[in-house]
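Here are the chains, one letter per residue:
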Amino acid sequence: AQSVAQPEDQVNVAEGNPLTVKCTYSVSGNPYLFWYVQYPNRGLQFLLKYITGDNLVKGSYGFEAEFNKSQTSFHLKKPSALVSDSALYFCAVSPRYNTDKLIFGTGTRLQVFP
Amino acid sequence: DTEVTQTPKHLVMGMTNKKSLKCEQHMGHRAMYWYKQKAKKPPELMFVYSYEKLSINESVPSRFSPECPNSSLLNLHLHALQPEDSALYLCASSQPKDQETQYFGPGTRLLVL
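Going down the list, the protein sequences come from chains A and B.
Residues in the first sequence are numbered from 32 upward in steps of one, following this note's numbering.
Residues in the second sequence are numbered from 83 upward in steps of one, following this note's numbering.
Since the hints were derived computationally from the structure, they do not count as laboratory data.
Here the structure is a predicted model, which means the values were calculated and not measured.
Fair warning: there could be bad hints in the mix.
[Unchecked claim] With a cut-off of at most 27 Å between alpha-carbon atoms, the simulated DSS-like pairs for lysine-lysine come out as follows:
hint, chain 1, residue 1, chain 2, residue 2
1, A, 108, B, 122
2, B, 91, B, 120
3, A, 80, B, 101
4, A, 80, B, 122
5, B, 91, A, 53
6, A, 132, B, 118
7, A, 108, A, 80
8, B, 123, A, 132
9, A, 53, B, 118
10, A, 132, B, 91
11, B, 100, B, 135
12, B, 135, A, 53
13, B, 91, A, 100
14, A, 89, B, 179
15, B, 135, A, 132
Just need the whole structure built from these sequences, with the hints factored in.
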């Protein structure tokens, strides 16, 4: 079965420190990989995606993600966290043969403390 | 412009009511989606329209009826809903091609009494 795992329900980090939100996937082939962020009572905002090429993808608001094919991971990172980054983060995967479907992880709540 | 708009923002309805949710995008996207999201859970795909034709129905109960009148507009008609249908309903759009990003609207928060 195809799945996306976000092993941490919550990640806590102090403002100014680097942050990592983890994502691993189990999808056959070479899927497309996405990160979305959701602020309270809002829809999902697209952050970045990996299609092919360089394993380090840069996205919105200073976020980046590192694709590791051997570990089937796509971890979200930011060098210096802001309090305003506090939100719910979803990793999502789109199989290449069925790109209408986004398979979402369960989400990770990021809390950045001042 | 990557904006998807949804109306209304909030909706309260009784189990015998009929209501509709509306979604609009002007990005020229030809694929549109309805998702249902319960609190602290990921979105669940309900329907996909591609070139104004229903391409995916994820076994959604018939009390939810989607409609795509044109390439910019997507409706979700609601009738005889149950309290467990209370959720955030999200619309998204994209180009119906490989590797395209889905862009989401802000959602309609629905409460069924």
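Evaluated hints:
1. A:108 with B:122: 22 Å, holds
2. B:91 with B:120: Distance of about 16 Å is within 27 Å: holds.
3. A:80 with B:101: At roughly 36 Å apart (the allowed maximum being 27 Å), residue 101 (chain B) and residue 80 (chain A) break the hint.
4. A:80 with B:122: With a Cα-Cα distance of about 23 Å, the restraint between residue 80 (chain A) and residue 122 (chain B) holds, given a limit of 27 Å.
5. B:91 with A:53: 32 Å, violated
6. A:132 with B:118: 14 Å, holds
7. A:108 with A:80: 13 Å, holds
8. B:123 with A:132: 17 Å, holds
9. A:53 with B:118: Answer holds: residue 53 (chain A) to residue 118 (chain B) is near 24 Å, not above 27 Å.
10. A:132 with B:91: 25 Å, holds
11. B:100 with B:135: 23 Å, holds
12. B:135 with A:53: Given pair residue 135 (chain B), residue 53 (chain A) is violated - Cα atoms ~36 Å apart, limit 27 Å.
13. B:91 with A:100: This hinted pair is violated, its Cα atoms lying about 40 Å apart.
14. A:89 with B:179: The given pair, whose Cα atoms are some 22 Å apart, holds under the 27 Å limit.
15. B:135 with A:132: 16 Å, holds
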